[in-house]
Amino acid sequence: MPIRPFISTIRKGNGRHSSRQTEEEQKDRRMNETSSEPEDEDEVDYDAPRVAQWVDEDILDEDATEAEYSQAPKNSLTLLETDLSSLPMGTLRRAQKILKVKDISDASDIERESSEDSNEENADSKPEWGTKPRTDINKRKDKHAPMEITSKKPVTRRRTVVNAQTPQTRDPRFLPMTGEFSSQKFNDNYHFLNESHKTELSTLRENLKRARRLLTTSPRDTRHEREVEIERLELALKKAESTVNKDRRDAVEHEALRAARREERKKQESGKGEWYMKKNEKRELLVRARYDSIAEQGGQRAVKKVIEKKRKKIEQKEKKTRPFEKGGFAQGVSSKRPFDNGYDRSREKRRKLE
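Reading the sequence shown from the start, the letters are residues 303 to 656 in the working numbering.
Hints in this document: simulated from the structure, not taken from any laboratory. Each residue gets a CB set at the ideal place from its N, CA and C atoms; glycine is no exception. Hints may contain errors.
Computed beta-carbon distance windows for the label pairs [stated by the list, open to error]:
hint: 1; residue 1: Glu527; residue 2: Asn582; range: 48 to 54 Å
hint: 2; residue 1: Lys548; residue 2: Asn582; range: 19 to 25 Å
hint: 3; residue 1: Leu537; residue 2: Leu516; range: 16 to 22 Å
Calculated lysine-lysine pairs in the DSBU-like style (CA-CA distance at most 30 Å, straight line) [stated by the list, open to error]:
hint: 4; residue 1: Lys611; residue 2: Lys540
hint: 5; residue 1: Lys615; residue 2: Lys541
hint: 6; residue 1: Lys615; residue 2: Lys540
hint: 7; residue 1: Lys584; residue 2: Lys615
hint: 8; residue 1: Lys511; residue 2: Lys607
hint: 9; residue 1: Lys621; residue 2: Lys540
hint: 10; residue 1: Lys584; residue 2: Lys548
hint: 11; residue 1: Lys500; residue 2: Lys606
hint: 12; residue 1: Lys614; residue 2: Lys500
hint: 13; residue 1: Lys612; residue 2: Lys622
hint: 14; residue 1: Lys540; residue 2: Lys612
hint: 15; residue 1: Lys611; residue 2: Lys580
hint: 16; residue 1: Lys548; residue 2: Lys619
hint: 17; residue 1: Lys511; residue 2: Lys541
hint: 18; residue 1: Lys511; residue 2: Lys548
hint: 19; residue 1: Lys580; residue 2: Lys487
hint: 20; residue 1: Lys615; residue 2: Lys580
hint: 21; residue 1: Lys612; residue 2: Lys548
hint: 22; residue 1: Lys612; residue 2: Lys541
hint: 23; residue 1: Lys541; residue 2: Lys622
hint: 24; residue 1: Lys540; residue 2: Lys607
hint: 25; residue 1: Lys621; residue 2: Lys606
hint: 26; residue 1: Lys622; residue 2: Lys540
hint: 27; residue 1: Lys614; residue 2: Lys580
hint: 28; residue 1: Lys541; residue 2: Lys584
hint: 29; residue 1: Lys612; residue 2: Lys500
hint: 30; residue 1: Lys541; residue 2: Lys621
hint: 31; residue 1: Lys500; residue 2: Lys615
hint: 32; residue 1: Lys511; residue 2: Lys500
hint: 33; residue 1: Lys621; residue 2: Lys607
hint: 34; residue 1: Lys500; residue 2: Lys584
hint: 35; residue 1: Lys606; residue 2: Lys622
hint: 36; residue 1: Lys619; residue 2: Lys606
hint: 37; residue 1: Lys581; residue 2: Lys611
hint: 38; residue 1: Lys540; residue 2: Lys619
hint: 39; residue 1: Lys612; residue 2: Lys584
The task is simple: from the sequences and hints, build the whole structure.
Shown next as structure tokens:
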């Protein structure tokens, strides 16, 4: 039970009682002092010179008050304890409730005063113009997360947009994990494709022969469909022939380069220095190997036939790029001539009109 607030109030009421008690104690003290003086009158010298000392009344009053204040706390506490022990419990409880309510009201008053003072300080510290606090936009948790932008601000054209990663195709044949490319291993692993191309070519030839036989005996209703089927088979046959020829040519070139490398390795073992083939030398070697393979299959006549075919192809290319004479026409070439060769179409139109 908190008794200190109650003690402070009782001290104020018992002030008069304590002052009276101090006066009585002073009188008793003086009587004791007088009684302590010598009782024998014979010892007192009445003829001795006497000195009278004057003391101000204010000084006497101050000494009395100091003595009262020094003795008041001890006496008041003892009296308070005796009074409280004599008081009933109900009165003490009521006094405690009253003091508690008073303390709460005093604390609320103090808080109100402090809040008012702080509000006044904040009001003084505020600027004259009104400013709104800027709400900071939190950063993204992840760089791939969408960007948060305020809707009150217009979007500029020069804003950085996060580009989505486009999927990139990867060929497992050319990954670094597979190692370096070796043409010899590649040819050995995929040699079965050459045989499949040859079988495909033979089946296409048989299908084309069968389709041509059916075309001669087909009715008019299905004749157009048969012709379309024959055209499709002819195109597929040409494509298959080109793939087979390419496979044969690649095999011949690969074997020629392999033989040249073998010979060069033997020369280096015998003491020759390192030698690297040039592009022109490689081209001549491959052409010679190609003609040798053709001669083995069809003889020199087949080689001449291939050479003549290639010569005609080159001549046709040269004719297309050859400049024509003024007013002359080249044989086997269209009559349309470019303007940069001095040919004037307006002059030709005038001749026709005349």
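Evaluation of the provided hints:
For glutamate 527 paired with asparagine 582, a C-beta distance near 53 Å keeps the hint of 48 to 54 Å intact. Between lysine 548 and asparagine 582 the Cβ separation comes to about 23 Å, which falls inside the hinted range of 19 to 25 Å. For leucine 537 paired with leucine 516, a C-beta distance near 18 Å keeps the hint of 16 to 22 Å intact. Distance hint between lysine 611 and lysine 540 is fulfilled; the C-alpha atoms sit about 17 Å from each other, no more than 30 Å.
A threshold of 30 Å between alpha carbons decides the hint, and for lysine 615 with lysine 541 the separation of about 20 Å falls inside it, so the pair holds. Between lysine 615 and lysine 540, the direct Cα distance comes to roughly 18 Å. Compliance with the 30 Å bound is thereby established for this hinted pair. With a C-alpha separation of about 23 Å, the suggested pairing of lysine 584 with lysine 615 holds against the 30 Å cut-off. Of the supplied pair hints, the one linking lysine 511 and lysine 607 holds, its CA atoms being roughly 26 Å apart against a limit of 30 Å.
Between the alpha carbons of lysine 621 and lysine 540 the distance comes to roughly 27 Å, so the proposed pair stays at or under 30 Å and holds. Proximity of lysine 584 to lysine 548 is assessed by CA-CA distance (about 18 Å); at most 30 Å being required, the pair is judged to hold. Under the criterion of a C-alpha separation no larger than 30 Å, the hint pairing lysine 500 with lysine 606 is consistent with the structure, at around 26 Å. Under the criterion of a C-alpha separation no larger than 30 Å, the hint pairing lysine 614 with lysine 500 is consistent with the structure, at around 29 Å.
Taking the CA atoms of lysine 612 and lysine 622, the gap is about 16 Å. The hint holds against a cut of 30 Å. As the CA atoms of lysine 540 and lysine 612 are separated by approximately 18 Å, the hinted pair is consistent with the 30 Å bound. A hinted pair counts as satisfied when its Cα atoms are at most 30 Å apart, and lysine 611 with lysine 580 qualifies at roughly 28 Å. Of the pairs offered as hints, the one joining lysine 548 and lysine 619 holds, with about 23 Å between alpha carbons and a cut-off of 30 Å not exceeded.
Distance check on the hinted pair: lysine 511 and lysine 541 sit about 17 Å apart at the alpha-carbon level, within 30 Å; holds. Pair hint lysine 511 plus lysine 548 holds up; C-alpha atoms about 24 Å apart against a cutoff of 30 Å. For the hint pairing lysine 580 with lysine 487, the CA-to-CA distance comes to about 24 Å; that is within 30 Å, so the pair holds. Using a Cα cut-off of 30 Å, the hinted pair lysine 615 and lysine 580 holds, with the two alpha carbons roughly 27 Å apart.
A threshold of 30 Å between alpha carbons decides the hint, and for lysine 612 with lysine 548 the separation of about 17 Å falls inside it, so the pair holds. At roughly 20 Å between alpha-carbon atoms, lysine 612 and lysine 541 fall within 30 Å of each other, so this suggested pair holds. Taking the CA atoms of lysine 541 and lysine 622, the gap is about 27 Å. The hint holds against a cut of 30 Å. Distance check on the hinted pair: lysine 540 and lysine 607 sit about 19 Å apart at the alpha-carbon level, within 30 Å; holds.
Between lysine 621 and lysine 606, the direct Cα distance comes to roughly 23 Å. Compliance with the 30 Å bound is thereby established for this hinted pair. For a cut-off of 30 Å, the pair hint linking lysine 622 to lysine 540 stands: about 26 Å separates their Cα positions. For the proposed pair lysine 614 and lysine 580, the alpha carbon gap of about 29 Å is at most 30 Å, so the pair holds. A hinted pair counts as satisfied when its Cα atoms are at most 30 Å apart, and lysine 541 with lysine 584 qualifies at roughly 28 Å.
A threshold of 30 Å between alpha carbons decides the hint, and for lysine 612 with lysine 500 the separation of about 25 Å falls inside it, so the pair holds. At most 30 Å may separate the alpha-carbon atoms for a hinted pair to count; lysine 541 and lysine 621 meet this at roughly 28 Å. Proximity of lysine 500 to lysine 615 is assessed by CA-CA distance (about 27 Å); at most 30 Å being required, the pair is judged to hold. About 17 Å separates the Cα atoms of lysine 511 and lysine 500, which keeps this hinted pair within 30 Å; it holds.
As the CA atoms of lysine 621 and lysine 607 are separated by approximately 21 Å, the hinted pair is consistent with the 30 Å bound. With a CA separation close to 28 Å, the supplied pair lysine 500 and lysine 584 stays within the 30 Å bound. Of the supplied pair hints, the one linking lysine 606 and lysine 622 holds, its CA atoms being roughly 25 Å apart against a limit of 30 Å. Only pairs whose Cα atoms come within 30 Å are accepted, and lysine 619 paired with lysine 606 is accepted, the gap being roughly 20 Å.
This hinted pair checks out: lysine 581 and lysine 611 have alpha carbons roughly 25 Å apart, not beyond 30 Å. Restraint check for lysine 540 and lysine 619: the C-alpha separation of about 23 Å stays at or below 30 Å, so the hint holds. The hinted pair formed by lysine 612 and lysine 584 meets the criterion: a straight-line CA distance of about 20 Å does not exceed 30 Å.
Of the numbered hints listed earlier, not one is contradicted by the structure.
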